[in-house]
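Novice: Put chain B on the given structure of chain A with help from the hints.
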Amino acid sequence: MRVIRNYLVFLLVIGFFVSSLPAEKVKPTYAVVGCRIHPVTGPVIENGTIIIRNGKIETLGPAAKVNIPEDAEVIEAQGLEAYPGLIDAYSQYFLETKSPSGSTAQRRPPFSAPAEERSWDKTNFLVLDNLKFKKTTLSSLHKAGITTILVTPPQQIFAGVSTLLNLNGEKFPPMVLNDKVFLHLYFTTSRGGYPSSLMGTVALFRQSFPDAQHYALQKKTFLRFPAKVSRPEYDAFLERLLPYVVEKKPVVFDCANMQDIKRAINLIEEFKLNGFIAGANEAWRVIDWVKRAKNPLLVTVDFKPPLGSRYAILGEELKKKAEKEIYPRNPAELQKNGLTFALVSGKISNPKEFIKKVTQAVEAGLPADKALQALTIVPARLLQVDSYLGSLEPGKIANVILTKGQLLTKGCQVTRVFVDGLSFEVQAPAAKGAQAPSVNLSGKWKVTVVSQMVTMEMTMDLTQEGSSLTGRLTSEMGNWEISEGTLSGDKLTLVIAANVMGQDMELTFEGQATKDKITGSISFMGGSAEMTATRIPDKS
Amino acid sequence: MKWRKFVGLILAMVWLGLSPLGAGQDLFIKNGTLLTITQGIIHGGDILIIDGKIKEIGQNLTPPKGIRVIDATGKYVMPGIIDSHTHVALSGTNEASVAISSEVRMKDVINPEDPAIFTALTGGVTMVHTMHGSANPIGGENVVLKMKWGKSSEEMYVPYAYRTLKFALGENPKRANMMGFSAQPRYPQTRMGVIAIIRREFAKARSYMREWERYNQLKKNKKLVSFILPPRRNLRLEPLVLMLQGKMVARCHTYQADETLEFIKLSKEFGFKIGAFEHAWEAYKIVKELAAEKIGISVFADNWAYKMEAYQGIAYMAGFCAKHGVLVSINSDSGERIRRLFNDAAKTMRYGDLSEDEALKLITINPAIQLGVQKRVGSLEVGKDADIAIFNKHPLSAYTRCEMTIIEGEVYFDRAKYLEEQQKKAAAKKPHKKGGQK
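Order-wise, the sequence lines are chains A and B. According to this note's numbering, the residues represented by the first sequence are 317 to 856, in order. According to this note's numbering, the residues represented by the second sequence are -12 to 425, in order.
If you're looking for bench data, these hints aren't it; they were derived computationally from the structure. The beta carbon of each residue, even a glycine, is placed where N, CA and C say it ideally should be.
What follows is a list of derived Cβ distance ranges for each label pair:
#1 A:K496 with B:R220: 26 to 36 Å
#2 A:K496 with B:E141: 27 to 37 Å
#3 A:T764 with B:E323: 41 to 51 Å
Chain A on its own, in the form it takes in the complex (with noise of 0.2 Å):
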């Protein structure tokens, strides 16, 4: 009895060991089989193979070429398109961020004095320490073909220092590919405190920066002649600077409109800094800028004109048509002037909504591949890891995704993604169960969202186009976009594009509907709510 029971133990135990060995030894080999291989460094090649081992693309070309080894498992994909998996430069998935400690912080009013001091840096902000892993994150980003990102810290003055993930499981350790990508900097306040306004900041930064200068010229002048010179008091800011001020580290300016660029970069020549520019959904206002001063770009795919543009100020007219037709035109236009940047999704927290963003801006003239470039090997270089990520080569990571249709066209399909050669299968969308809409929805519907908190009235005008919906809900929040919407027999699911006092966020409705009731429950932000919507009869 006692001999079974510690043969039970130890088997236990031998089980606890073998199930926490090292992943890399158990990583499986794999034959990509009869797909169009677009390496984006290279030609594209029809009919090829991919040989995946050990994490890295062991081998690639035309199928008559490449052997398959006996010990690969053979993934069929015919019909199947092949690219690196794409880089998403500027992000903030899985960031947990943090409200201020206290209410007080937020009521407290503008004109006040200081509540801490320095309350503007935050450059000891590791991304890495604020992050939480979601599973229906990693899925969206798979299912969108993205296998890496840069994760960036909330908006601050100083703000902090951006991790780079290779997103190849449900752990963050093994996905870091570099904890301390760059420090981001915002032309932001402090709220509460000093700098109150934006002539505040730039004066903020413009004191920064040589203020790190002579702190590392008095530490190197103390070292040479410590009995002459006086040591210098250890100050925690200007030593997290130095790296960035004295060994010219790159720092990211976040450029929300064109004025922003312009003070970037004259802070960057003025303080020689290794500045890269981030989000400038204006650099084609201030194109001539941008060419002299061949700063990195990183370019959101976020069309909405800024706040105060003239674009926003002049009407609703001129509004709407900057953000479908003249801001979707930066990109394409950056091109046209020779810059190379890279595409990232900024404000995006969709990760659909980038790609389909990106598309937009190929259909407003971005060549395709340039756009393709633009979400793979030129992140890689910007971020310095284009040694082994960013294209298909034998020798680089196997960061590959498997899509249905050409990469930004509409309707394509991502249908498998491997990260550091492990496969992730992507579920494909209702589409297998798909069932034929059972009734035609489109109309105008009175919506009531009961939560525990507050009951809302909204509008809804719903087209529907087969199984597929758009709209908008309107209510005193404003206008929001139904961005995604699926009738599939008679459950409906539709994504919200909503603005809710300023902040972007995404809700999704699940539910039921019958010729003049729709039923179900909103989610958003880890909270729901109860929607009922009844068709508002059409009069004539």
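Specialist: Chain B alone, transformed into the frame defined by chain A:
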């Protein structure tokens, strides 16, 4: 097609961005009543503008071939109006979290897309001195801009104007009218505190300046140079050092006569220049002192008593001070009143007995002198920038209207054309469908 237009626009913007600064346009203004300000009135006068500068003024000039001609028959032509104190075209006005914020520069936050720029043009304003607010005893460095609506901030910037630093005395810097807004009271809380903190700051600046002078002396000694460190740069004190060196002037927001005199004393103590006093509703009480010190004022025509320290204002102030030898300008302090400075100037004829010429000076050459730009703008004279406003009636008439505003020979506002565009836009909009239909 639309796309081509867009590219054209971009190219035009790039070209404008690269073109040498100040390269203006050619224009011929024909047969107007020219209110030159400094050289009397020319009836039936013409102005020839070449490269944005006034080339010739007189009667019966011949326009060069191919030049754009503007017929000013029956109209009044005056130099572009200059607003010596406003806060338009900026992203932010006050760095109010601290009492001393001399490190901030309005130059860093120019907003070329502020619609108030267009509003200014509709009132004939071509140049503004746009300033830090009055929340702090020492605010920030102000900036002078031309109202080139649609152009970049660099093209609007006027580099040849005085560099000016904003100071403020009285209720605003002691946050007297901010009860309930400030979570905590801030030093200074009294007028004596305001003057004291400014004095303290100048004392700091003086020793900072000497620290640098000492360093620059020591640096010459080759034996010492390797371990002598330069002082830490202090951007808050640097503008004050420039003032001590006479390279920057004070523009001081003030109300009461006593604090105004205190500030003059302070300027003598430290040897800095005062460009002008702002608002200065009690200036009429110290008109002799101001005239003797040759310190100008930039004021409202009326509209006083909006707070305790403004109760002793009088409608005769601007006119009275001007008659007694003080350099007076009328300012807007606003993105709205900026479009009717000519009305405000006219008030000094009714209250203060100024002549037409004297009244017009308050919004043209006088503010130009206060900003140190009188050699370039402020009157219609050969060689000056062609910054011009055209009115349908005499600009001091209550029935007048600005018809056209020109900066460096380029028309930035044309009322007739603007109205036409607006009507076209309105007509292009689809008419509302009436009644239900299916």
